[in-house]
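A.B. asks: Below, each chain spelled out in residue letters.
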Amino acid sequence: GEDVEQSLFLSVREGDSSVINCTYTDSSSTYLYWYKQEPGAGLQLLTYIFSNMDMKQDQRLTVLLNKKDKHLSLRIADTQTGDSAIYFCAERNTGTASKLTFGTGTRLQVTL
Amino acid sequence: NAGVTQTPKFQVLKTGQSMTLQCAQDMNHEYMSWYRQDPGMGLRLIHYSVGAGITDQGEVPNGYNVSRSTTEDFPLRLLSAAPSQTSVYFCASSDTGQSYEQYFGPGTRLTVT
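These protein sequences, in sequence, are chains A and B.
Just so you know, the first sequence maps onto residues 34 to 145 in my numbering.
Just so you know, the second sequence maps onto residues 1067 to 1179 in my numbering.
For reference, chain B alone in the conformation it holds in the complex (with noise of 0.2 Å):
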């Protein structure tokens, strides 16, 4: 198992660019996150999605878009990226066990000038 994988690791775009951060998970999962990690903030829920076809928001959506095609992806979209947006990203997926263990990915360090 390969576990929670993310591409790219880094990636610096200009303000106004857009691109897509990817994530795919091998466990066969059901429910998968984002988050992005900023200093002195922990980690803010991006969106997520308890199945396949199933998207919602989380605390900090307004600039990204996911879709869930798959069970095994999930990718995140910047649709016009901001200097706000330079952050550390996390995907995650989650089992179905008792304590729905989140799996986190490795992130990609995005930096927007």
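The following block holds chain A by itself, in its conformation from the complex (with noise of 0.2 Å):
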């Protein structure tokens, strides 16, 4: 089955760059998202990149897709304290709208 995996913990330092991996196993995904949650909060939908695209740039986030390794990463620029939230990716695969698979979650926690 499918499986995504993404290391518990990152902290950085305001204004530094955070980078946020993470691996799966499903080689037919088609769609790969990144969501944030905070604090007693829901998901909400950062970003997300086709599996034909290699790099989507949307402001201050950055998603690169390295498909042969089947990775993926979330650079977020000027890091801030109101970026520290769980993040997750998810994968889904053809023909499944309804089931992400997602990962851990990566705690990124913002210091001054």
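Careful, some of the hints might be misleading.
[What the hints assert, rightly or not] The calculated EDC-like cross-link candidates involving lysine to aspartate or glutamate, where the alpha carbons are at most 20 Å apart (straight line), are:
hint	chain 1	residue 1	chain 2	residue 2
1	A	Lys-100	A	Asp-87
2	B	Lys-1075	A	Asp-102
3	A	Lys-100	A	Asp-59
4	A	Lys-69	A	Asp-91
5	A	Lys-100	A	Asp-49
6	A	Lys-69	B	Asp-1161
7	A	Lys-69	B	Asp-1104
8	A	Lys-101	A	Asp-59
9	A	Lys-89	A	Asp-102
10	A	Lys-103	A	Asp-36
11	A	Lys-69	B	Glu-1167
12	A	Lys-89	B	Glu-1167
13	A	Lys-103	A	Glu-38
14	B	Lys-1075	B	Glu-1138
15	B	Lys-1075	B	Asp-1104
No lab work stands behind these hints: they were computed from the structure.
With the hints as a guide, bring both chains together as one complex.
C.D. replies: This is the structure:
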């Protein structure tokens, strides 16, 4: 079955860049997503990338996809204290519009 | 648009009790899902639906039932609550645009004693 893995914790200083990594096993993944969860809240979609793309940039966010290594990363430039949250990557494959497989989440702590 | 709404926000049950977690969306989405979130395990899919009258099992369906009589509502029923069902439950709905973006509700925190 599908498996998505992330490291559990990342600490960065305010103003630095954060890079959150994710690996997945399903080679038929069509879309890969990054979600943000703030304390006590639901998940909010940050960005997504289609599997035929290598990179996607959206303001401070850059997503890199290495399909050969099944590796996805999220880079947050100029990290702010408001970026402190849990970040989940998720993958979806063809024909499963309702089914996302999530990673365990990476808790990002931004220090002053 | 209210988006995806869930009730209640918090619930405490005794072992063996039953209850229904409510989920509604006003975006006319065909696809709806229920997930549970446990520490260190991410979100796991319980049940999902691709349209009214159609439901299917996800990764961890045991102990839960769902139905989808309308497009808007997708309730999750706990038949006989167990402490292992203590978790945070999220409902989500998906659009049918290119990315099938999932919109999540705020969650229901359930404790079973």
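A.B. asks: Decide, hint by hint, whether the structure agrees.
C.D. replies: Status of the hints after comparison with the structure:
no. : hint                         : verdict
1   : Lys-100(A) with Asp-87(A)    : holds (8 Å)
2   : Lys-1075(B) with Asp-102(A)  : violated (40 Å)
3   : Lys-100(A) with Asp-59(A)    : holds (10 Å)
4   : Lys-69(A) with Asp-91(A)     : holds (15 Å)
5   : Lys-100(A) with Asp-49(A)    : violated (27 Å)
6   : Lys-69(A) with Asp-1161(B)   : holds (19 Å)
7   : Lys-69(A) with Asp-1104(B)   : holds (16 Å)
8   : Lys-101(A) with Asp-59(A)    : holds (11 Å)
9   : Lys-89(A) with Asp-102(A)    : holds (17 Å)
10  : Lys-103(A) with Asp-36(A)    : holds (11 Å)
11  : Lys-69(A) with Glu-1167(B)   : holds (14 Å)
12  : Lys-89(A) with Glu-1167(B)   : holds (16 Å)
13  : Lys-103(A) with Glu-38(A)    : holds (11 Å)
14  : Lys-1075(B) with Glu-1138(B) : holds (19 Å)
15  : Lys-1075(B) with Asp-1104(B) : holds (16 Å)
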